[in-house]
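Participant: Here are the chains, one letter per residue:
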Amino acid sequence: MGVLETLLGFSIIVWGLVFIYFLWIHDQIKKLDETVRKLEEKE
Amino acid sequence: MRDKIYLAVTFIVNIIALYMMFIYSPPLTLETEVQAPSDIFRIFYVHFPSALMSYLAFSITFTGSILYLLKKKFKWDTMAVASAKLGLVFCAITLMTGSIWAENAWGVYWNWDPRETTTLILFLAYLAYLTYRMAIVDLERRAKLSSVLVVIAIACVPLSYASVLFWQTLHPMVITLTEVRMGVTVTQTLLVSILGQMLIFIYMLYVTIKAENLTEKIAFLKARGGG
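Protein chains in written order, with this note's numbering: chain A, 1 to 43; chain B, 1001 to 1227.
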């Protein structure tokens, strides 16, 4: 595998991880929002 | 809706940056290298913006910590910790890309060059900051003590940047305080790459602060007796 392919592979992995992070954090925010709503309802 | 437009712009800018990195910019060599022009130079378009973003993130952490110490408002501490987390991610990318480049340019992944070493110290200092926070349960004490730690750790940022001036180094000095040793194509590609990473950083900071705020709100509600 050449240098160019390695770099392209590395870039795809980095941007892929960024994309997964965005999906994960949005999911986390949804869950946290839901927990806050439930706790506020309880009070 | 605004979020979606922002993300679409971020995506487009980063696609343009990738195009410029791999197609628009020719294979180049840094002036400090002796080998023939190589594609490995392209890693510079990820390495430099990541280093810049980590410096920016750690500076935001410092600002947040100082504001917390002055105003005693938790929102500044939340901003500081969210930015430190992102700073660590960008610092890790900087170290990884630097090592890949070093293997091609110097023949080894790691050779304790002053820039490499000081950047590793920077990474470890902020890792220590986040670890230290996890060890303290009391919110007020945690915010206060970790803010003081950041005031000490921030010294690693100028140390990492200026290490190439203080010690003999193999690290290329493409951009100094007085000059930019790059051609037009490289400068254009680098600027678009910086813009792409900056847009990602801003959005990451926004969502991370949002998640941190919600986590603290849950802790507060539970402590008040809700949970």
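Some clues are possibly wrong.
Claimed, not checked - Distance condition first, Cα-Cα at most 27 Å in a straight line; then the derived DSSO-like pairs of lysine-lysine: (1) A:K30 x B:K1071; (2) B:K1072 x B:K1210; (3) B:K1210 x A:K42; (4) B:K1004 x A:K31.
Source of the hints: derived by calculation from the structure; they are not laboratory data.
Participant: Next step is simple, just say for each hint if it's right about the structure.
Facilitator: Hints versus structure:
1. Annotation: proposed proximity of K30 of chain A to K1071 of chain B is violated, straight-line Cα distance about 30 Å (limit 27 Å).
2. About 19 Å separates the Cα atoms of K1072 of chain B and K1210 of chain B, which keeps this hinted pair within 27 Å; it holds.
3. With a C-alpha separation of about 23 Å, the suggested pair K1210 of chain B and K42 of chain A falls inside the 27 Å cut-off, and the hint holds.
4. Among the hinted pairs, K1004 of chain B with K31 of chain A is consistent with the structure: their alpha-carbon atoms are about 20 Å apart, no more than 27 Å.
Hint 1 from the list above is the single one not met by this structure.
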